[in-house]
Amino acid sequence: MIRTEHLTKRYGGLVAVNDLNLDIPQGQFFAFLGPNGAGKTTTIKLLAGLLKPTSGRAFIGGYDIQLDPVDARKIISYVPDMPFLYDKLEPMEFMLFVGQLYGMERAELVRASDELFDVFGLDEVRTQPIEDLSLGTRQRLVIASALLHQPRVIIIDEPMVGFDPRSARVVKNVLKERSRAGVTVFLSTHILPLAEELADQVGILNRGKLIAVGTIDELRELSGEQGELENTFLALTREEERAVELP
Amino acid sequence: MNALKFFRLLIAINLRIVRRNILALREKSLLMVSVIAVFVIGYWFAGYTIFYMGFRHLAEVPGLQVIVLDRMLYLFFAFLFLMLMFSNMIIGYSTLFKSQETQWMLTLPVRSLDVFRWKLMETTLLASWAFLFLSAPLMAAYGNARHVSPGFYLKVFLLFVPFTVIPAAIGSIAILIVTRYLHRRVFKWALFGASAVGIAAGITFLKPMQAEQLEQAQMVASLTQLLHNSNITLQPMLPSYWVASSMIAWGEGWSGKGLFYFLVLLSNAMMATLVCVTISRRLFYEGWSRNHTQGEFQLGVPLLDKPINLPRAALADRIVNLWPRMHHATRALVIKDIRVFWRDTSQWSQFVIFFGLLGLYVLNLRSVANDWSNEYWASFVCFLNLGASSMTLATLTTRFVFPQFSLEGKRLWIVGMVPNGLKHVLLEKFWLSSVSSAAITLCLMLTSSCMLRIPGWLTLLFASTVIVMSFALCGIAVGIGALFPNFSSASTAHRDDNPARIVSGFGGTFCFLLSLVYIVLVIGSEVLPMYQSFATNGFTDRGQPWAVVLSWIFVALLSLAATTIPMSLALKKVDNLEI
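Taken in order, these protein sequences are the chains called A and B. Under my numbering, the first sequence has 205 at position 202, and the numbering climbs by one with no breaks. Under my numbering, the second sequence has 17 at position 16, and the numbering climbs by one with no breaks.
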């Protein structure tokens, strides 16, 4: 469902994403990990078609995001780390607007919005101006609106910012349910327990390069570290740092 | 989704937002709404009256009105065209490349071309409405002077639509090319270079007529010179020529000629839009992508590809090092404020526009330069000068200094943790803004005094007045800014710390009004004793200097009160503020 072929992005002399090859099948929950500045957000923006790759290609549902961007975006939902909302609208108005942009019928749109408002606990704020909502509530609204048109691919960058434990649990459950129902989830995060809890596969990016990809167990085996994913992550990125420093 | 459906949805949602903004006015303070209403109505009324009186005055000389009025229209539209082009470039860069909404739209299932088209329309509207609003009194006065029918105004409105589209398309093409091919930092310095060249050209070529030339005996020669100098606006390939010609023809009742130029304008507007949209197919998405990947532009020209790393940080340090005994916390705060200001393009660009306009005003003072054998007139012009400078300063302190405390917003705890807490922060902001604004206004005042060739004692009076006024106006702005902070508009939830939004609240309005009252009191208390002194001496001599000295002492005391009262209240408030 998500495939990249030698995807590369350079910022002047810096290689932000270096020859990335990924193949994520339908229904997989893929967690994308990496230290700060590893190139995770750049990769996500390349997958969402916001940035043009220096070389290589990215395919979403078989569509080349550069050549068929409109078809690819019909099946994607992209939730950035700093999402955009119209402050002067009310949550329900925003949901209806987004649904219409994706060509949804009004009756279906209202039904789906009600359902998502119920799941994300947004019923109480449906007629409040968005500008008055807390950061966590705004974030819940963004994720709810992203799920409205039944996307086949969800690309989500640092989804847990500003959530209380209950909201975090709701979001985790919803994303996992969608993944089980056949939706591919590409999640970028710094929260390793989140990846450990949800991901079918984990990819670790360091200095723009994919240094490891596999299930949690496969990564543990690769690193030689047991226990929490944190140990595995630190071991793998440390090895990479050494490899860079030694030559 | 097709483009029409996309635009329809966006129009509907934007109309809803506009309606909500209008309804929100009910929740705003009555004071603020009243001040805005009075300013709008006052501007239209004053603008219309001045233009109409000018046109009536011209009508007193047979044949003069038509010649000057028509030439004035050509000139006006030529300048308006240039202003619209610059305005579209500045706003277009923000709406097309910096707006979060654009990024969001680019992830929707619509073509990037349609996103560009929508943003082009948005840019045109945002960049043009203020000019149309400002030119309305002129159009009304022109129509009345030419005794046109009511239908004329509808035709003028129709003319304005294609007229605003052409500069929008040209400005957007320029921005598309610059963003796609030019490094951001190179562009910033290129802009500075262009501004410097513009100012130099202004000084060299803008030579206003001297006062003596405008005397009645020289009227014909002056008029000939004026018409000759503005001949460039009569080039038939200029859009400003088409719009002015159409307007003049409709004013005269020549429908055919008016329609012809309207159609020329319309067809060119359509062509310009077509060219712009066609270019955007290749440049918009690529430009957007490059704009969000800093340092990526490689032109193959070493000089342009190399990032310009000017020692900006070191420059701020060097400025602060001029005061070696400054407290280390104050030093850190000053450097932080200088850097934040410099790196926020929207802040310093507006600052430059403010002082650019004031600079142009000072340059034009050459036209009233004289030997000032009559001290009464010298004083009169100097007080006008002081009024203009202090009004600009009040606008400046309200716009830039007042929001400073609110801008700290949720970061207040960081600066609040310095050894002397928020008091230190407040005092630092007061001194930094006072010293910098006093330095700038003092330079302008001295330059204008030289231009006006006024006596030394008057220069000293106005220079010292403008210094104490700078401190007082900054005291008011910093003090009121801390007493009525607007943290919600600077909250991180909005993600755009927007000083303009902070100023638009109650505190900003109150600050501006208080500044105006202070200016009126200062100028009034200096003007009245001097006027009385001149009046008793038959307007030939200023009489005894004691009246001037006394009035200056009063101004100094008033300024001291205007500085210390708001600052003391603010210091008291922040001392008890819970961060």
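Calculated directly from the structure, the hints in this document are not laboratory data. In this text, a Cβ means the ideal position worked out from N, Cα and C, and glycines have one as well. Check the hints yourself; a few may be wrong.
Said to hold, decoys possible - Below, in silico cross-link-like pairs of lysine-lysine (DSS-like), each with a Cα-Cα straight-line distance of 27 angstroms or less:
| id | chain 1 | residue 1 | chain 2 | residue 2 |
| --- | --- | --- | --- | --- |
| 1 | A | K91 | B | K99 |
| 2 | B | K337 | A | K77 |
| 3 | A | K91 | B | K337 |
Said to hold, decoys possible - If you want the footprint, here are the derived chain B segments under chain A, 3+ residues with CB under 8 angstroms:
| id | segment |
| --- | --- |
| 4 | 15–24 |
| 5 | 100–108 |
| 6 | 111–125 |
*asked:* Please list, smallest to largest, the hint numbers that this structure does not respect.
replied: 2, 3
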